[in-house]
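Asker: Chains as they are written, first to last, in the numbering used here: chain A, 1 to 637; chain B, 1 to 251; chain C, 1 to 274.
If you're looking for bench data, these hints aren't it; they were derived computationally from the structure.
Bear in mind that the values here come from a model prediction, so they are computed numbers and not experimental data.
Glycine included, each C-beta is placed from N, C-alpha and C at the ideal position.
One thing to keep in mind: the hints can contain errors.
Subject to a maximum C-alpha distance of 16 Å in a straight line, what follows is the list of computed EDC-like cross-link-like pairs (lysine to aspartate or glutamate) [stated by the list, open to error]: (1) A:Lys252 <-> A:Asp561; (2) C:Lys8 <-> B:Glu78; (3) B:Lys147 <-> A:Glu479; (4) A:Lys615 <-> A:Glu534; (5) B:Lys90 <-> A:Glu564; (6) B:Lys148 <-> A:Asp143; (7) A:Lys213 <-> A:Glu379; (8) C:Lys100 <-> B:Glu78; (9) A:Lys485 <-> A:Glu609; (10) B:Lys197 <-> B:Asp116; (11) A:Lys630 <-> A:Asp599; (12) B:Lys21 <-> C:Glu94; (13) B:Lys90 <-> A:Glu387; (14) A:Lys523 <-> A:Glu586; (15) A:Lys253 <-> A:Glu479; (16) A:Lys213 <-> A:Glu554; (17) C:Lys91 <-> B:Asp15; (18) B:Lys16 <-> C:Glu54; (19) B:Lys79 <-> A:Glu554; (20) A:Lys252 <-> A:Glu609; (21) B:Lys2 <-> B:Asp93; (22) C:Lys102 <-> B:Glu221; (23) A:Lys495 <-> A:Asp466; (24) B:Lys147 <-> A:Asp143; (25) B:Lys79 <-> A:Glu379.
Where chain C lies over chain B, by a calculated footprint (3+ residues, C-beta under 8 Å) [to be verified]: (26) 65-79; (27) 99-107; (28) 170-183; (29) 220-233.
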Amino acid sequence: MTLDSKIPSGPIQDKWDKHKFEMKLINPANKRKYKVIVVGTGLAGASAAASLAELGYVVEAFTYNDSPRRAHSIAAQGGINAAKNYPNDGDSIWRLFYDTVKGGDFRSREANVYRLAQVSNNIIDQCVAQGVPFAREYGGLLDNRSFGGAQVSRTFYARGQTGQQLLLGAYSALSRAIGKKQVTMHIRKELKDLVIIDGRVRGIVTRDLVSGKIESYWADAVILATGGYGNVFFLSTNAQACNVTATYRAYKKGAFFANPCYTQIHPTCIPVSGEHQSKLTLMSESLRNDGRIWVPKNQGDKRKPNDIPENERDYYLERKYPSFGNLSPRDISSRSAKEVCDEGRGVGSTGYGVYLDFADAINRLGKHVIEERYGNLFEMYERITGEDPYMTPMRIYPASHYTMGGLWVDYNLMSTIPGLHVLGEANFSDHGANRLGASALMQGLADGYFVIPYTIGNYFGSNKFDKITIEHEEFKKAEAEVAEKTNTLLSINGKKTPTMFHRELGKIMWEYCGMARNEAGLKKALELVPALREEFWQNLTVTGEGNDLNVSLEKAGRVADFLEFAEVMLWDALERNESCGAHFREEHQYPDGEAKRDDEHFTHVAAWEFQGVGKKPIRNIEPLEFENVKLAVRSYK
Amino acid sequence: MKLTLYIWRQKNAADKGHMEKYQLNDVMEDMSFLEMLDVLNEDLILKGKEPVAFDHDCREGICGACSLTINGVPHGPEKATTTCQLHMRKFKDGDSIYIEPFRAKAFPVIKDLVVDRSAFDRIMQAGGFIGVSTGNAPDAHSVPVSKKNADLAMDAAACIGCGACVAACPNAAAMLFVAAKVSQFALLPQGQPERKKRVLSMVSQMQKEGFGACTNFYECEAVCPKQVSVRFIAKMNRDYLCSRVTEAVEV
Amino acid sequence: MILINYLKSTILSKFVMAVTGIILVLFIIGHCIGNMQLFIGRESFNSYAYFLQERIGELLWIMRIGLILSLIFHVVTSIRLKFLNLGAKPKKYEVKNYVKAKLTSRTMIWTGIMIFAFVTYHILQFTTGTIYPGDYNRTDYYTTNAMSVKKLGSDECCTKSREATAKDAIINYRGNQYETAGNHPIISERHDAYGMVIHGFRRPIVAILYIIGMILLGFHLNHAIQSAFQTLGYNNPKYFNKIVVGSTVLSTLIVLCFISLPITIIFGLVGGGV
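So that you can see chain A by itself, here it is in the shape it has in the complex (with noise of 0.2 Å):
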């Protein structure tokens, strides 16, 4: 199948204006006619559901937690990314754009990122206009800070509470539109699957996680902005309920998935302390540009951290990477850290940890400016590990955190499914193979703000809608599969519990389809997985009933499509032959261990095409062209 990425022509720069000239409109009287579906409410899906809204769509919007604040945008801690070029830097659209691409090694589509790096600033605008309490300076103008790899200050923040700040402001907007009636909140509600009919998504199952009621919904469009799919790794950095049940549901309906082995595993979290962990904390990266990484330049040295000699120290990011030091890409400064760990020189009980260093900082600024910046993480830190990194260096390893992957969309962000729209991390589109600090917020803002509406339109204008109700055929056949699958998962009645399954899948995953990936690795978790998956079936255990709310049964659901998922990602990351971004291939580096393009067999997007459990699915391409970013060997030296 070819997949048609609708990118308009003409120049980078006017493809978007030209898009949104060409797009059809609906007529401000009739777009009450139209239903949209939004499935999840982080900043993708708050703040397309309250923009629909008050374009005067009809708007449901669906959340499986208590409350739409409650979602999981809310725990990015560093910042979002503009071109505003504030502090005067040398910073423009077109560098924001090169430099997303360039992080992304070369595997995004250049239309999208420039699209992004266009309406980044509106996201600006739009947030403070919201109230969102940017740090400012004196002068009462918005602050900026350099973040993540960035040569140029364009990060606005919000103390270490970027996300959850955003996160309020598109949960605001969303309040507003709902207590104006236009949009309907559903909460604690869980999508278990999508209707299609004739061709085109009309609707949406769910279970009442309360009642254990299985409900459908009809809409003339459905946008899923459920997230990402990181917790496949059991450990990682999202919250507990993260999970891919509603992309690889659309995924077996037809939608394809796009470069699901690109998971990006974050440099800075707190270690892991033993089996009971049930997720890792994410420290935020901007404590790379004050903090110093080291570890012990011998093995197995066991001396306190401040008892290591100055010249017995491996500042290995700082010596490998000269002009970016700690700063280094997240890609690369995790896989640093797998490195020398490996060698036997890490840190801490376990041995997976390096060390973080305020030390120098402390004297070079004084300790009230580290408090200042860093005082909340720091805080944090000590709560969980009970030291404190003012006077020890704390102690970071990475962890799986965000995925590039998801499914794939076109430039209108509408999946292969017609009417299909998926937003945010849920979709696999700006960021290649690996996303860069502070960029996650602002794709999520982006499509749902400033894209979604105007493309939305367009697929409304561009077709006829019969009228439907959920009494539909297609409603009732998806509801009696959810029904029956709720009961199965009831009456299995084995021996091991969700958690547990999810636990070993985790183990697996992280083990051969991690921060390093090889070949026969990734052959023996195709092995694994199905294997494991088969047990899942007979000899899983879930108490309780199917008409209450539920928590091991809610796991159990979750678990159960991350055990299918996995073998899609496990396909991916064996088929792309290649290094590039978040993905490395231990085949494919240079001598010093850089990861290794193959431009000439891999600058394409593989989007998979479900064709049964257990099947290998079919890998579709789209290929990407570069017309305005020469394709380069990405260096940090």
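Assemble the complex: chain A is given as a structure, and chains B and C must be docked to it using the hints.
Answerer: Below, chains B and C alone, put in the same frame as chain A:
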């Protein structure tokens, strides 16, 4: 370490509910409080029993989903810490721990330790926003905001909407939650046009939801995981009184 | 209608609590200062009492009505809020610990009710004389120095006038001129408030009830004074700590002043001559 847990179990909203005793033998001090409950739940499932339901999500202290009143204090004994960030090193071997849901008429129990906090959302829907539609915004630098006010607005905006303030308040008052939001917008120039209407609508909705009155115990501030100050309540009181006097609309 | 309507709003109710509370606190401070006159002596105390009762006319009743209204609003509002608050938390915790809420703040309604009972008793004893009529119906004979004056140019003999002093040989009084004619004591009667208090407090039960009542009042005020500032919107980190400390200092001072009377009286340090 060994712990004795007394946990509130309640099948559903209609059930009366009761405290149930559980014994845990291998609790490690590096565990978070919720990881300790995970261990209990895994054990319960393997014994064929229903796990304890509790709200939680991000487990890094920001989403506001986790709740629990631990030994009579919402979010437990550690200052400025949500339940998910509370670690077992704050407890001793042999301790008894009482775990109850957040209690308030406006927060009805759904199951076990899970309560319905949608009253907060309805208060927000009544006026917790600046009415600016997408695309209407002027340039971000067109309105300067003094750093002092921006910082203060951020102090208020830090609220995670967990409801500990209500749970701790003997009157189940939601003043700290509402005041935080009202004050955030009242401190910013962008919030001025709707300032009076906002405080009147939000307070009115707060009362409709059945929250109690503030009697200035300051218990809310003491348990607030984000240390939102009661000074915002004072600020809201003044805003409300002025608005009641000057705003013609009876809300 | 507005007299009842405000109850619908918890913030307005609290505003009424704060304002009426402040009025009552101002009264208490005045009352307290007045009481301290007892230490100066019978003459001073009784003339203060006489001044309040006889010399300020309608102002006394205006003040009394103001106080009674404040008290009524204070009590009615607090009871209404208490029921509202009980309703807002129908199910209590099995175990409850407080981090910051003090005993004084949590017991406002109870100290309030007890203070109300005490005040009723206090008025029946000292204001209306219903409880110990014997103490109440005491008379204080007192003399004032006055001048005898004689109308200028007449033989009409001496009238006593307190307005006249020996300094002036001739004074103007009510349009006429008088000449002074020498000193004259005047003996008058007035209510012996001093004796009433001394005799009252010599009864241990009265003294103990009074001391208890005042300590409860102290508890109440300790929370109430700073609370009123918070309710009215005056809470700034710059000065709020001072308000909290000031609240404690003022309420303690008030309690000490009040209870110093029964204590000194029961130990015979004051009022020995009565």
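Asker: With reference to the structure, classify each hint as holding or not holding.
Answerer: Hint check results:
no., hint, verdict
1, A:Lys252 <-> A:Asp561, "holds (10 Å)"
2, C:Lys8 <-> B:Glu78, "violated (37 Å)"
3, B:Lys147 <-> A:Glu479, "violated (54 Å)"
4, A:Lys615 <-> A:Glu534, "holds (14 Å)"
5, B:Lys90 <-> A:Glu564, "violated (40 Å)"
6, B:Lys148 <-> A:Asp143, "holds (14 Å)"
7, A:Lys213 <-> A:Glu379, "violated (42 Å)"
8, C:Lys100 <-> B:Glu78, "holds (13 Å)"
9, A:Lys485 <-> A:Glu609, "violated (23 Å)"
10, B:Lys197 <-> B:Asp116, "violated (27 Å)"
11, A:Lys630 <-> A:Asp599, "holds (12 Å)"
12, B:Lys21 <-> C:Glu94, "holds (13 Å)"
13, B:Lys90 <-> A:Glu387, "holds (14 Å)"
14, A:Lys523 <-> A:Glu586, "holds (14 Å)"
15, A:Lys253 <-> A:Glu479, "holds (15 Å)"
16, A:Lys213 <-> A:Glu554, "holds (13 Å)"
17, C:Lys91 <-> B:Asp15, "holds (14 Å)"
18, B:Lys16 <-> C:Glu54, "violated (65 Å)"
19, B:Lys79 <-> A:Glu554, "violated (32 Å)"
20, A:Lys252 <-> A:Glu609, "holds (8 Å)"
21, B:Lys2 <-> B:Asp93, "holds (5 Å)"
22, C:Lys102 <-> B:Glu221, "holds (13 Å)"
23, A:Lys495 <-> A:Asp466, "violated (48 Å)"
24, B:Lys147 <-> A:Asp143, "holds (10 Å)"
25, B:Lys79 <-> A:Glu379, "holds (11 Å)"
26, 65-79, "holds (count 4)"
27, 99-107, "holds (count 5)"
28, 170-183, "holds (count 4)"
29, 220-233, "holds (count 7)"
In this structure, the hints that do not hold are numbers 2, 3, 5, 7, 9, 10, 18, 19 and 23, in rising order.
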